[in-house]
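S.K.: As a plain string of letters, each chain reads:
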Amino acid sequence: MELVEAIILAVLAASTPLLLAATGELITERAGVLNLGVEGMMIVGAACGFGGAWLSGSIIVGALCGIVAGALLSLIFALMTLGLAVNQVATGLALTILGIGLSGLIGARFVGEKITPAPHLHIPGLTDIPLVGRILFGEDGFIYLSLALVVAVWWFLYKTRAGLILRAVGDNHVSAHALGYPVLQIRMYAVMFGGACAGLAGAYLPLAYTPFFIPGMTAGRGWIALALVVFASWRPGRLVIGAYLFGAVTILQLHAQGWGVGVPSQLMSALPYLATVIVLVLISRARSGGSTAPAALGTVFVPDR
Amino acid sequence: MRKILIATTAAVIAVGASLVGASAADKLKVGFIYLGPVGDLGWTYQHDVARQAMVKEFGDKVETTFLENVSEGPDSERSIEQLARAGNKLIFTTSFGYMEPTLKVAKKYPKIHFEHATGYKRAENVSTYSGRFYEGRYIQGIIAAKMSKSGVLGYIGSFPIPEVISGINATILGAQTINPNIKVKIIWANSWFDPGKEADAAKALLDQGADVIMQHTDSPAAMQIASERGKLAFGQDSEMIKFGPKSQLTSIMDNWGPYYIERVKAELDGTWKSEDFWGGLKTKIVMMAPYTNMPDDVKKLAMDTEAAITDGKLFPFKCPVIGQDGKEVECKGGTHLDDGQVLGMNFYVKGIDDKIPGK
Numbered sequence: 001m002e003l004v005e006a007i008i009l010a011v012l013a014a015s016t017p018l019l020l021a022a023t024g025e026l027i028t029e030r031a032g033v034l035n036l037g038v039e040g041m042m043i044v045g046a047a048c049g050f051g052g053a054w055l056s057g058s059i060i061v062g063a064l065c066g067i068v069a070g071a072l073l074s075l076i077f078a079l080m081t082l083g084l085a086v087n088q089v090a091t092g093l094a095l096t097i098l099g100i101g102l103s104g105l106i107g108a109r110f111v112g113e114k115i116t117p118a119p120h121l122h123i124p125g126l127t128d129i130p131l132v133g134r135i136l137f138g139e140d141g142f143i144y145l146s147l148a149l150v151v152a153v154w155w156f157l158y159k160t161r162a163g164l165i166l167r168a169v170g171d172n173h174v175s176a177h178a179l180g181y182p183v184l185q186i187r188m189y190a191v192m193f194g195g196a197c198a199g200l201a202g203a204y205l206p207l208a209y210t211p212f213f214i215p216g217m218t219a220g221r222g223w224i225a226l227a228l229v230v231f232a233s234w235r236p237g238r239l240v241i242g243a244y245l246f247g248a249v250t251i252l253q254l255h256a257q258g259w260g261v262g263v264p265s266q267l268m269s270a271l272p273y274l275a276t277v278i279v280l281v282l283i284s285r286a287r288s289g290g291s292t293a294p295a296a297l298g299t300v301f302v303p304d305r
Numbered sequence: 001m002r003k004i005l006i007a008t009t010a011a012v013i014a015v016g017a018s019l020v021g022a023s024a025a026d027k028l029k030v031g032f033i034y035l036g037p038v039g040d041l042g043w044t045y046q047h048d049v050a051r052q053a054m055v056k057e058f059g060d061k062v063e064t065t066f067l068e069n070v071s072e073g074p075d076s077e078r079s080i081e082q083l084a085r086a087g088n089k090l091i092f093t094t095s096f097g098y099m100e101p102t103l104k105v106a107k108k109y110p111k112i113h114f115e116h117a118t119g120y121k122r123a124e125n126v127s128t129y130s131g132r133f134y135e136g137r138y139i140q141g142i143i144a145a146k147m148s149k150s151g152v153l154g155y156i157g158s159f160p161i162p163e164v165i166s167g168i169n170a171t172i173l174g175a176q177t178i179n180p181n182i183k184v185k186i187i188w189a190n191s192w193f194d195p196g197k198e199a200d201a202a203k204a205l206l207d208q209g210a211d212v213i214m215q216h217t218d219s220p221a222a223m224q225i226a227s228e229r230g231k232l233a234f235g236q237d238s239e240m241i242k243f244g245p246k247s248q249l250t251s252i253m254d255n256w257g258p259y260y261i262e263r264v265k266a267e268l269d270g271t272w273k274s275e276d277f278w279g280g281l282k283t284k285i286v287m288m289a290p291y292t293n294m295p296d297d298v299k300k301l302a303m304d305t306e307a308a309i310t311d312g313k314l315f316p317f318k319c320p321v322i323g324q325d326g327k328e329v330e331c332k333g334g335t336h337l338d339d340g341q342v343l344g345m346n347f348y349v350k351g352i353d354d355k356i357p358g359k
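Protein sequence lines correspond, in order, to chains A and B.
For what it's worth, this note's numbering labels the leading residue of the first sequence as 1, then goes sequentially.
For what it's worth, this note's numbering labels the leading residue of the second sequence as 1, then goes sequentially.
Among these hints, one or two may not hold up.
As the list claims (entries may be wrong) - From chain B, some residues computed to sit far from chain A (all C-beta separations above 12 Å):
| hint | residue |
| --- | --- |
| 1 | A84 |
| 2 | A86 |
| 3 | I178 |
| 4 | P290 |
| 5 | D325 |
Unchecked claim - Okay, the calculated beta carbon distance ranges per label pair:
| hint | chain 1 | residue 1 | chain 2 | residue 2 | range |
| --- | --- | --- | --- | --- | --- |
| 6 | B | Q52 | A | L105 | 11 to 21 Å |
| 7 | B | K355 | A | L79 | 23 to 33 Å |
| 8 | B | A86 | A | G262 | 43 to 53 Å |
| 9 | A | T116 | B | T292 | 18 to 28 Å |
| 10 | B | G326 | A | G262 | 14 to 24 Å |
| 11 | A | L121 | B | K108 | 57 to 67 Å |
| 12 | A | D128 | B | P295 | 31 to 41 Å |
| 13 | B | K273 | A | Q266 | 34 to 44 Å |
Said to hold, decoys possible - Below, computed lysine-lysine pairings styled on DSS-like, alpha-carbon distance capped at 30 Å:
| hint | chain 1 | residue 1 | chain 2 | residue 2 |
| --- | --- | --- | --- | --- |
| 14 | B | K149 | A | K114 |
| 15 | A | K114 | B | K61 |
| 16 | B | K327 | B | K299 |
| 17 | B | K318 | B | K121 |
| 18 | B | K149 | B | K183 |
| 19 | B | K318 | B | K299 |
| 20 | B | K300 | B | K318 |
| 21 | B | K242 | B | K282 |
| 22 | B | K282 | A | K114 |
| 23 | B | K318 | B | K332 |
| 24 | B | K332 | B | K121 |
| 25 | B | K242 | A | K114 |
Keep in mind that the hints were calculated from the coordinates and are not lab data.
Being a predicted model, the structure only gives us computed values, none of them experimental.
Ideal Cβ placement from N, Cα and C applies to all residues, glycine included.
Hey, can you work out the whole structure from these sequences and the hints?
M.R.: This is how it looks when you write it as structure tokens:
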């Protein structure tokens with residue numbers, strides 16, 4: 001039973017950076033902007049997050065540094081794609097390359113340092129409940145925050161007027177513009193929210209997951225977050241399922257290897273990705289035609305003056 | 001939709017490698033291809049430390065360029081060729097997976113000399129070099145068996161290539177001299193460098209009852225997890241005691257400096273020849289970090305073993321070596337397995353209750 005608890009704890013920790021980054025990207029894409037620079041924003045968030053925490057001695061300061069760094073980097077993307085109407089795909093890729101280089105530069109002086117990781121919640125009595133105690137009441141703050149964020153995003157998208165406008169901008173920017181909504185401004189905020197979330201997701205890695213900074217430590221998680229948004233067909237609820245499913249398969253395949261299940265480890269390592277592909281196929285088959293993607297996703301909008 | 005997917009795929013492929021370097025005339029240009037970032041604190045870091053030592057030795061006679069984060073496989077061919085075109089006369093490709101690409105580029109540029117780390121295929125202008133890391137692993141096996149209370153060791157593998165497999169075998173052979181019933185749990189990360197995944201693998205091993213962690217991946221993540229849980233671990237490639245002051249038993253440290261200096265000197269003197277260099281504890285290419293967090297008797301045993309291997313009195317793969325199938329492995333080296341058998345090792349020894357993935 002202890003093993004089950006340990007596995008669930010590991011799954012939650014492994015899924016959280018994916019969930020955070022994907023939640024931000026979901027809002028960005030719902031506004032009609034495709035930002036492929038998640039990996040770059042994450043790794044810069046990791047470098048700045050660690051730097052902030054190391055210099056200040058505070059995890060919260062570190063997390064804020066990560067958020068600000070991610071948002072600033074996404075602002076470059078916003079200026080290019082919204083202000084100058086540059087191709088979003090190319091700019092997003094460039095942002096990733098820039099981010100990887102930049103993080104190495106920022107993080108160079110922090111390599112080899114370590115910090116005390118984010119503390120885990122401890123409520124006497126509740127946290128000590130066998131099996132569920134540590135899972136429900138003994139996580140680090142980021143995990144609760146990531147779930148709260150998804151709920152907030154869901155509420156924003158479907159229960160508020162602002163959310164409706166954001167979705168309208170993502171589905172038909174011409175109509176939204178004709179109705180008098182500031183399309184580019186709304187998109188800029190959405191992009192920056194995405195950047196902030198990616199920065200926080202990146203910061204989670206050195207602040208809670210593995211409490212040191214190493215260049216390249218995001219190791220492709222930003223790309224997985226991008227895939228998760230598609231996997232979730234742009235819906236927050238499905239995003240949670242997707243992120244935890246991915247985390248669960250990742251952790252379980254490691255355990256399966258330890259147990260000596262006779263399946264080649266290469267295949268098991270590929271399982272999370274295979275699962276994503278299979279679910280994507282199932283989703284698209286279940287739908288009778290049409291895509292759930294925001295209709296204006298990835299298209300450039302230049303307001304007529 | 002389709003556009004987005006294609007773009008995402010292209011993006012994954014395009015994740016960049018950064019070019020660092022400066023230009024000047026009449027210097028010997030030496031290029032390096034690195035697998036990870038220079039700050040990985042492990043494999044790549046040690047290669048870069050050696051590069052810096054070499055630069056220090058020759059001063060302005062040499063000019064170096066390195067490309068970091070170059071993924072293995074066909075994709076690395078471009079990066080190697082880039083260095084060749086940029087006028088580098090000696091190029092070090094520092095990971096196993098660069099073997100075929102290195103040979104391919106070498107064929108195109110016969111006047112450039114190449115040095116490929118940990119490979120086994122050579123050419124007129126391609127040397128190979130590696131460390132006998134299994135010597136260090138044998139010592140680690142002895143220490144691990146002495147220190148383990150559960151009798152279960154946790155091993156994080158990267159890819160099931162001969163170098164990693166010989167490391168696992170050497171560990172177990174060492175451990176069996178102390179505890180014939182020692183068990184090992186092996187988890188493959190299928191990556192050389194992914195701190196998060198390495199940490200997850202370490203957690204899984206500890207959760208499944210292992211109490212000493214060893215790794216053949218490149219970051220200090222596993223060491224840090226062991227430290228957090230109050231368990232023991234071995235560092236990899238470099239000194240990792242900072243991440244586990246109460247956990248690190250020792251660490252196998254790669255020390256490429258002397259080799260890089262020797263080869264660049266040969267290139268400068270015009271005496272470079274294609275060679276196969278495989279140095280161990282004796283040549284100090286492989287070094288052991290101080291033995292810590294263990295009682296004096298274990299420490300002494302470790303040091304004695306190290307001395308015996310260094311002096312050539314003890315061979316980790318001394319015959320008879322029994323394979324998993326219970327059959328004795330042919331003893332080509334007289335008293336121990338010969339180099340070819342170790343370099344191409346693709347079987348587990350008796351006592352490992354697992355299968356090599358994909359076999």
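S.K.: Are any of the numbered hints broken by this structure? If so, which, sorted upward?
M.R.: 7, 15, 16, 22
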